[in-house]
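Novice: Sequence:
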Amino acid sequence: MVSAFYANPGVDILFSLLKQDAVKRNCNCISLCLNVISNMLELKLEGISWERVPTEIVQIIATFVTGHAKVEDGNTVLAALQMLEQFLVCNSDLHSQLVVREVPVQSLIRHLAKNDTRIVVAALSLIHTLWKKSDEQRRSEIIEHLQSVPFRTAVTSTLPREERSAAKLRSIIDAVLPLEKILISYYSKMIDEKPTNEEIEKITDLELFREACSSTSNGNSINQAQIILSSQNPFGKLLTRTIERYANSNDENMRMLVGENSMRIEGGKWQWLPLCMATMKLIVPILGISNNHDDQNQPVKSNLEKLLMLILSVECPVDALFNTTIQLFHTTWREMKANNNELHKVELVVREKLTKALDKSPQSFEILENHLSALPYWKLQEIWKKEEAQKENDQLDSDVVRWKNYENIFPMKKFRELKKRLQPSIEQLVRTNRKNFLKLGFIFKKYAKGGKAYHRDQFTLWKLDPTEKILTMSDVDSETRSNNALTMTSADIKTDDVRHVSIKDIESVQYGDEVGGRKGPLRALRLNLLDGERVTVTATSDKTLSIWMDGLKYDSKF
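Sequential numbering from 69 applies to the sequence shown in our numbering.
These are computed hints drawn from the structure, not numbers from a lab.
A portion of the hints provided could be inaccurate.
Straight-line Cα separation of at most 16 Å, EDC-like style, residue types lysine to aspartate or glutamate; simulated pairs [stated by the list, open to error]:
{"hint": "1", "residue 1": "Lys-200", "residue 2": "Asp-260"}
{"hint": "2", "residue 1": "Lys-201", "residue 2": "Asp-242"}
{"hint": "3", "residue 1": "Lys-503", "residue 2": "Asp-543"}
{"hint": "4", "residue 1": "Lys-337", "residue 2": "Glu-279"}
{"hint": "5", "residue 1": "Lys-249", "residue 2": "Glu-212"}
{"hint": "6", "residue 1": "Lys-305", "residue 2": "Glu-266"}
{"hint": "7", "residue 1": "Lys-531", "residue 2": "Glu-403"}
{"hint": "8", "residue 1": "Lys-405", "residue 2": "Asp-387"}
{"hint": "9", "residue 1": "Lys-537", "residue 2": "Asp-573"}
{"hint": "10", "residue 1": "Lys-249", "residue 2": "Glu-383"}
{"hint": "11", "residue 1": "Lys-374", "residue 2": "Asp-242"}
{"hint": "12", "residue 1": "Lys-413", "residue 2": "Asp-427"}
{"hint": "13", "residue 1": "Lys-572", "residue 2": "Asp-533"}
Given only the sequences and the hints, what does the whole structure look like? Please build it.
Specialist: The following block contains the structure:
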């Protein structure tokens with residue numbers, strides 16, 4: 069039945085209905101007619117397609133969008149917008165050119181204020197498609213409209229509406245972003261274009277520009293500026309255009325900056341052109357402008373969506389951000405008391421300030437400047453200290469979490485098994501270290517048998533022999549007491565009073581009572597031999613006595 073309808077030129081009947089004024093005055097009728105035609109063209113049956121629609125019909129459909137038909141029905145406008153986009157993308161250059169000619173961008177901008185999200189998205193999508201199908205001259209006109217107050221006002225007023233759901237808001241943002249990327253691509257193209265000599269001379273001839281360059285340079289400052297702008301300029305026409313617009317539109321502010329800078333002491337002034345290039349180096353990655361000469365030191369992350377409201381709040385975001393950043397450079401330079409060799413250092417601080425301020429997603433440049441004013445250099449230093457402390461705490465917390473996760477992976481039963489396997493090796497390592505310490509020897513102070521009398525200025529060198537079977541006790545002179553056991557020679561030892569005690573003859577090793585010394589209390593170490601004899605020595609170091617006690621215990625196997 070459908071095929072029969074197509075064969076009996078049903079679509080021609082619909083086309084004829086669109087031409088009748090009576091039908092045009094009936095919103096329901098015209099909306100139904102457009103939807104039926106659109107569905108029939110989408111099916112592409114019986115040779116009917118978008119390319120074969122008469123141009124007169126395309127012109128009629130365009131009037132529903134431009135307002136010439138005086139039809140404001142939402143369903144009609146939506147159907148017309150969607151059909152016009154299909155005419156643009158079809159394989160007919162005739163239809164594409166016709167839509168480009170019949171549908172001016174300003175007629176689409178008025179639909180952005182509609183409450184119907186479908187119409188807003190369809191209008192934005194049609195603007196994007198129009199730009200794709202237009203020539204360079206037409207594209208330039210579209211870019212001007214995208215920078216115009218009506219477009220920016222319409223978008224910024226439609227985005228914050230509370231009645232829109234998250235899904236609807238998301239669809240509008242997704243439709244706006246491609247248009248903002250068109251503006252960004254326009255600036256990117258300017259970077260790739262080298263400024264002409266006439267454009268450079270136009271800047272260097274500005275009285276304020278000459279004053280700014282000469283106040284911080286000696287000699288042929290203008291000639292140097294011309295060389296930099298022509299052959300050492302990684303930002304092409306974008307830099308020269310921005311500097312010119314800044315000097316012309318912000319002459320009072322620029323004069324104030326130059327005047328304050330000229331009053332600084334010699335060696336503490338910034339230079340105008342390098343400052344402008346450093347500013348451009350920061351704002352280019354912020355706006356996502358393509359630049360083959362991007363700084364490699366972690367540029368500010370570009371997030372067009374996060375800055376969407378900020379970008380839409382001004383006609384030219386490059387100019388506005390340049391104005392804000394150049395002022396921020398000047399203020400930060402003063403706060404840091406920088407000298408003329410510290411431009412890069414100041415640049416890093418300015419980058420940090422911009423990053424923190426932009427992370428708050430300011431809705432306008434006035435709000436952005438308020439955020440920046442709340443971030444003086446001294447406060448930024450405090451923030452860095454807190455962030456560093458927080459980073460350390462997070463690291464500790466992550467270590468705790470990692471340990472807990474480790475416990476989950478390896479239950480305590482496995483830890484006990486691991487400890488049981490490793491304990492013998494660890495204990496053997498401790499024994500070996502203890503024996504090595506005993507082999508080095510140590511000079512103790514002698515103590516009388518029974519602990520009754522204190523032998524003043526009598527010392528003994530204890531040393532375990534390499535075989536670990538004999539403990540040698542050698543009396544030494546008092547004047548050698550300050551010597552290290554390793555540095556003693558045979559002349560320091562009283563050969564008549566050297567005693568060799570077999571480790572097997574030691575019954576036990578004990579701590580003795582504390583003994584009062586001239587330089588503080590001494591702790592005693594007592595060897596109980598198998599024949600009943602007790603040998604007691606003292607030392608000021610508890611650690612030394614502990615090592616000797618453990619070492620002799622290990623060696624004698626008690």
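Novice: All hints, please: hold or fail.
Specialist: Each hint, compared with the structure:
For a cut-off of 16 Å, the pair hint linking Lys-200 to Asp-260 is broken: about 21 Å separates their Cα positions. Proximity of Lys-201 to Asp-242 is assessed by CA-CA distance (about 20 Å); at most 16 Å being required, the pair is judged violated. With a C-alpha separation of about 21 Å, the suggested pairing of Lys-503 with Asp-543 is violated against the 16 Å cut-off. Distance check on the hinted pair: Lys-337 and Glu-279 sit about 14 Å apart at the alpha-carbon level, within 16 Å; holds.
At roughly 14 Å between alpha-carbon atoms, Lys-249 and Glu-212 fall within 16 Å of each other, so this suggested pair holds. Of the pairs offered as hints, the one joining Lys-305 and Glu-266 holds, with about 12 Å between alpha carbons and a cut-off of 16 Å not exceeded. With a CA separation close to 67 Å, the supplied pair Lys-531 and Glu-403 exceeds the 16 Å bound. Proximity of Lys-405 to Asp-387 is assessed by CA-CA distance (about 27 Å); at most 16 Å being required, the pair is judged violated.
Pair hint Lys-537 plus Asp-573 holds up; C-alpha atoms about 10 Å apart against a cutoff of 16 Å. The straight-line distance between the Cα atoms of Lys-249 and Glu-383 is roughly 15 Å, inside the 16 Å bound, and the hint therefore holds. Distance check on the hinted pair: Lys-374 and Asp-242 sit about 12 Å apart at the alpha-carbon level, within 16 Å; holds. At roughly 22 Å between alpha-carbon atoms, Lys-413 and Asp-427 are farther apart than 16 Å, so this suggested pair is violated.
For the given pair, Lys-572 sits about 14 Å from Asp-533 by alpha-carbon distance, which is consistent with the 16 Å threshold.
Violation of the numbered hints given earlier is confined to hints 1, 2, 3, 7, 8 and 12; the remaining hints are satisfied by the structure.
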